[in-house]
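Taken in sequence, the protein lines are chains A and B.
Numbering of the first sequence is given in the numbering used here, commencing with residue 1 and proceeding in unit increments.
Numbering of the second sequence is given in the numbering used here, commencing with residue 1 and proceeding in unit increments.
The calculated lysine-lysine pairs, modelled on PhoX-like cross-linking and capped at a C-alpha distance of 25 Å, are:
# : chain 1 : residue 1 : chain 2 : residue 2
1 : B       : Lys204    : A       : Lys204
2 : B       : Lys204    : B       : Lys187
3 : B       : Lys109    : B       : Lys132
4 : B       : Lys187    : A       : Lys204
5 : B       : Lys204    : A       : Lys187
If you are wondering where the hints come from, they were derived from the structure by calculation, not from laboratory data.
Below, each chain spelled out in residue letters.
There are 2 protein chains.
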Amino acid sequence: MSAVVCVGTVGLDTVETPFGRADDALGGSAAYFAAAAAAVGTKTQLVSVVGEDFPPEHRRFLANTGADLEGLEVLPGRCFRWAGRYHFDMNRRDTLDTQLNVLAEFQPKLPAAYRRAEYVFLANVDPVLQLKVLAQVERPKLTMLDSMNFWITGARDALTEALGEVDVVMMNEEEVRQYADTPNLLKGARHILSLGPQTIIIKKGEYGAVLFRGDGFFYCPAYPLEDVKDPTGAGDSFAGGFLGYLAQAGDLAMANFRRALVHGSVVASFTVEDFSVRRLASVTPDEIKQRYREFREFTYFDEV
Amino acid sequence: MSAVVCVGTVGLDTVETPFGRADDALGGSAAYFAAAAAAVGTKTQLVSVVGEDFPPEHRRFLANTGADLEGLEVLPGRCFRWAGRYHFDMNRRDTLDTQLNVLAEFQPKLPAAYRRAEYVFLANVDPVLQLKVLAQVERPKLTMLDSMNFWITGARDALTEALGEVDVVMMNEEEVRQYADTPNLLKGARHILSLGPQTIIIKKGEYGAVLFRGDGFFYCPAYPLEDVKDPTGAGDSFAGGFLGYLAQAGDLAMANFRRALVHGSVVASFTVEDFSVRRLASVTPDEIKQRYREFREFTYFDEV
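If we strip away everything but chain A, and leave its shape as in the complex, we get (with noise of 0.2 Å):
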């Protein structure tokens, strides 16, 4: 079963919530892609940097994960930082600050035993970065690719040439109505498939995720929690369960995207429990089995 290739952040996040605070807590999209994939049991080969105060307690949390850190590199340095603050209604949040750091010399070079990955992730980083990922990968099986706004304007070309590159889009509903310059999703949808990937995957927050592909379209809410206590790291966790899945069932047939996508959406249920990595350091595969088995109960529904 294949390891897959991760490309993203790590760092350091300060966050607030109306639930409780965490300070210089383990972030960055591929903290929490890593922790999400080896939830579904599933091993991530790391590509990104820290700085030479990056905490010893967080690389031994990735450490057993059982990512591979190899493409961790370590820069003369301080760690990319993240400040944030949520309202009472957990959709909005401000941002307090941001410290690139590191980050800002972030060049990832691919460690020679990640080069043959079959499944790889481009988290939301730079897409000229995605694109010299994209280069140094050898006949990938499938290639995920998240975005943001920040790069739809002010690095739209790169992004366009990153889409017309990978399999897999993932973004969220604001950023399809904004690259595609539509209020609506499924014409924003049609429009990014023409550009070349087979599959894109719009995310929609508490309202779940939608998956669209050539020969299908899939529908899958998210969790209802009574209690979200940092909604921190939750895109990426959807990955990492859905990246995750698919390189364990390691067939891309449209029941296996199905079956990735509500994986993916359980683990981001997890993910939101708790700050930071946390809930899901301790998530067991019977808790992930069980969240999946009520997906499947509340949203099925009999022939007429």
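Chain B: place on chain A using the hints.
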């Protein structure tokens, strides 16, 4: 098979969207409800009020849905009128004009033949009137109430009393949050259920709807449409499809609530394909069945 009593508005809508406009078209919650219930084969016993200027073709349309119009009072004066304009993003609209006219004098009186109805829908009107209707029906099998922000702030006590007397509450998510004073929908739903109703249906617009009852939870997405022409009446059509299906099924098991919710979503997806009730006038049972099958297709996933 039972008819369904619907108490709501019938009026003339003038609607502008980026895709066209309609002038003095048939509108109002009870009109959409009756057309939607008819689309799934159920007749409505309609309780509403119109002015002397109510166009005969609109009356004929309602009669053609099979609706009983004995409860459609004609008062001296002009019909209720509403005018609105939708933005490019059709989730946003401006109300340009509201003329209550005869609606200001609406005092729902149920004809004798309606009083033993098994299914009763109280569309979004003053909760004081909703309570008066409930006092006129004998042992209904299922009562359902819709409401809106206007009554939550302006008639909260009466609304709370009405909530305590019905079986099913339908609100949109902002209304649930507002009424229950929490950003968390699940908490809001639990709070409203604690006031009496066995079931709450939370409408999420383009995201579909979710149903909570003591013995289950069900999520139904909205049908992904590339061309929404006019979103007016989607919620009332949803109610008509839901209750119309339940009245056909005649059994309130959770499995039927699930199927009913999907029927609501199916019928609403047709409504928004054209202005006013035009699309509901032409939709066929086969089209309903076909779209129901598509809903199954795009929400289905296997066990693992």
